Every structure is written in C-alpha cells, then in structure tokens.
Amino acid sequence: MDFLPLIERRRERLAELDHELSDPAVFAQPRRSQAALRERSRLQTLIVAWDALGRDRAELASSRALAAEGDPELAEMAREELPSIEARVVAREAEVQAALLPPEPNDDRDAIVEIRAGTGGAEAALFAADLHRMYGRYAEAEGLRVEPLDASEGELGGFREVVFRLSGEGVFRRLRYESGVHRVQRVPATEAQGRIHTSTATVAVLPEAEEVEVELKPDELRIEVCRAGGPGGQGVNTTDSAVQVMHLPTGMIVRCQDGRSQQKNKEKALTILRARLLEKKQREEQEKYSSHRRSLVGSGGREEKIRTYNFPQNRLTDHRIGLTLHSLDRVMEGELAPVVGALAASDLDERLREVGGERSQ
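Residue numbering for the sequence shown follows my numbering, starting at 142 and increasing by one per position.
Note that these hints are calculated values from the structure, not bench results. Hints may be right or wrong, so weigh each one.
What the hints assert, rightly or not - Label pairs and their computed distance ranges (CB to CB):
1. Q185 with R278: 28 to 34 Å
2. A232 with E491: 41 to 47 Å
3. Q326 with D248: 31 to 37 Å
4. E227 with Q170: 45 to 51 Å
5. V167 with G298: 23 to 29 Å
6. G298 with P479: 26 to 32 Å
7. V231 with E425: 37 to 43 Å
8. V167 with A232: 19 to 25 Å
9. R363 with S182: 39 to 45 Å
10. H338 with D248: 34 to 40 Å
11. A282 with E217: 43 to 49 Å
12. E161 with H338: 56 to 62 Å
Unchecked claim - Computed cross-link-like contacts, SDA-like style, restricted to lysine to any residue with a CA-CA straight-line distance of at most 25 Å:
13. K422 with G392
14. K421 with S308
15. K446 with L241
Everything numeric in this text was worked out from a predicted model, so none of it was measured. Here a beta-carbon is modelled for each residue, glycine too, at the ideal position from N, C-alpha and C.
Given these sequences and hints, build the entire structure.
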C-alpha cells in the first residue's frame, strides 16, 4: 500500500496543530490544549518514523547497488551489511503502520485499578496485596502517580479489596490488559506441611471518566454515610466517614472509607462509579458493534483467567499469548515492562492483521 498520501495529510494536520498551539488562548482551555498536544505527539512520532524509514530505504538501495558492482571488496562489504539494513527497514515499516492506526479511544486516559481477593481465603487476600505492591513498584519505575481510593483489609492481612488511581502518560494504554483473573501457586506461610496452594485475585483496570462523559444525576443516586469498618484502633474507624453510593438505574454500589474526610470519600466513590459506568457503556458498545473482533490478548473480562504466578518455579505465564518468564521474583518487584510490552506487541499485530484483512476484502 502507498502510504505517502496518508503521510502528507498527517503532515498538513501537524502544521495545523502547530499553528493552533501557538495561540496562548488555546491553553486557557485545558481539555482542548491537552487533546491537541496528545494528537501532535502521535503525529510527530509518525513523521519521525516515516522520515527514518526513507533514510533506511535509501541506504538499502545503495547497499544493494554496491553488492551488485564489479569491485569484489566493496560488494562483499555491502552483502555483509544487507541483512541488518533489511531488518531495520522491516522494523521501520511496522513502526509506521502502527503509528498510522487510529488510537484506541481510552489510550491516553488515567486508570482506576481495582484488585479483589478471589478463591483461596486468607492467601487470596495476601496475593491481592502482593499485586497491589507490584503495580505500585511498576508505577514508581515508570514515573506514574498512585493515589489510594479505597481499601478493605483481610482478617489475617492483605486486602479483600483495594482500589487506586494511576495517572501519567499513557497509563490505560499500558495496563489495559491486566484485567482478569490472576492465579498464584505457592506455599502459604500458614502451611505447615509445605503443600502448594492455588489462590486467585481479580484485577480490573478501568479508564477514568470525565464528569461530562458520565452524568450522575442526583435523583439517580442513593448516598449513605456510615461508620467505617476494618481493624480496630485506627482513627479512620472512629468517625462516620465511610460513604456508600448506589446508582439506582444499574444497581451499582460503591463504598469508600479510605480517608477520614466524608467529603473526600464521597468524591472518590463518585470517581470510581463514573469509571465503572464508562467501562460498562463502552463494553456494551463493543459487544454491539465489534463482536467480530477477538483480540489475542482477550476481552479483558474480569472472569477470564489471564496469568499464573508460580513461586516455587519462579515462573510467570500469561496464558493469552503463551508468554513464559522465569523471573517472577523481578516481576513482583515491579519489572512488569516485558509483560506489558509483549501484550501490547501482540495486540498491535492483531490490529494490523485486521486492517490488512479489511483491505483485501
């Protein structure tokens, strides 16, 4: 396919954005300026990749010409360089194709992450806490910000449920495929006979919703204030600061008791509720209009078992793409980038195949 007409239109759009962003009045509208800056960044990435591809293709043509010339020494040198140049051109072409794909609608959003203990009792709660720590370490390494929203502790430690916000560049794009059932296989600290137990925790990564996208009408909400629960002796449990919000049309209930401020807990609960309602709306739209698409990395449904953490063998397996790493200890310390990268690459391949299939029809 000839990408040149598409690239030229992107260049024109980049020039338009540069002109728009030169106007100080644009930055008086944060939402508009942020959207323009994000679009400009995507277009700049595409143009840089396209220009680099042009240089690599020119170098490849020059090397092929030298390889066919009569000078044996120059021809031999050119033939030795050809494989690396050809590989570089292939990689650049894939980079350009990926940059030409329309961005996913939620890629640039911040994310609300919910982790819940599943089967396995106290061990599941401890595993939920381990996952919470893993994502926190990953966020720290990637320069992302973590804001606690709510937490419910397990009886013997860990979390029955923990909710937090991750913010920064491309948060949802990086972590969108973490949603699902995470399974752990290990010997619990309470196991006297050294037997391996299997427990689970559920992770949901939701795109954060803007207030204008999900309108919460006061007459559709039932807001109740009650005494926070949890281990005794903590100041948070001595005040009526916990807030429970029910969305009457859907029956969704969000309870937030993480902070001592009733107002802060209400704001956090509404933030979580908006994210859940946006995810529900988008999931229904995808099922209605895009039921033909079946990504290799799965639907992201909370019921889908996506990954196994085998501690005795120091092994992590992502079942959706057949990825196995024997570095579970490092992953649990936040080195999640290889997993995130492999999932993103798999999804990109799937999207490119879909586009190719559509073109051939």
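Structure-based check of all given hints:
For the pair Q185 and R278, the beta carbons lie near 31 Å from each other, so the given range of 28 to 34 Å is met. One distance hint, 41 to 47 Å for the beta-carbon pair A232 and E491, is violated here, with the actual separation near 18 Å. Our hint of 31 to 37 Å for Q326 and D248 holds, since their Cβ atoms are close to 33 Å apart. As the Cβ distance of E227 to Q170 is approximately 47 Å, the hint placing it in 45 to 51 Å holds.
The supplied range of 23 to 29 Å is broken by V167 and G298, whose beta-carbon atoms lie about 50 Å from each other. Checked against the hint of 26 to 32 Å, the C-beta distance between G298 and P479 comes to roughly 29 Å, which is consistent with it. A hinted range of 37 to 43 Å holds for the C-beta pair V231 and E425, which are about 39 Å apart. Separation of V167 from A232 is about 36 Å and departs from the stated range, judged on CB atoms against 19 to 25 Å.
Separated by about 42 Å at the C-beta atoms, R363 and S182 satisfy the suggested range of 39 to 45 Å. Distance hint for H338 and D248: a CB-CB separation of about 37 Å, consistent with the stated range 34 to 40 Å. Checked against the hint of 43 to 49 Å, the C-beta distance between A282 and E217 comes to roughly 45 Å, which is consistent with it. For the pair E161 and H338, the supplied restraint of 56 to 62 Å holds, since their beta-carbon distance comes to about 58 Å.
Straight-line distance between C-alpha atoms of K422 and G392 comes to about 14 Å, which keeps the hinted pair within the 25 Å bound. Proximity of K421 to S308 is assessed by CA-CA distance (about 21 Å); at most 25 Å being required, the pair is judged to hold. Restraint check: the Cα-Cα separation between K446 and L241 comes to about 32 Å, which exceeds 25 Å; the hinted pair is violated.
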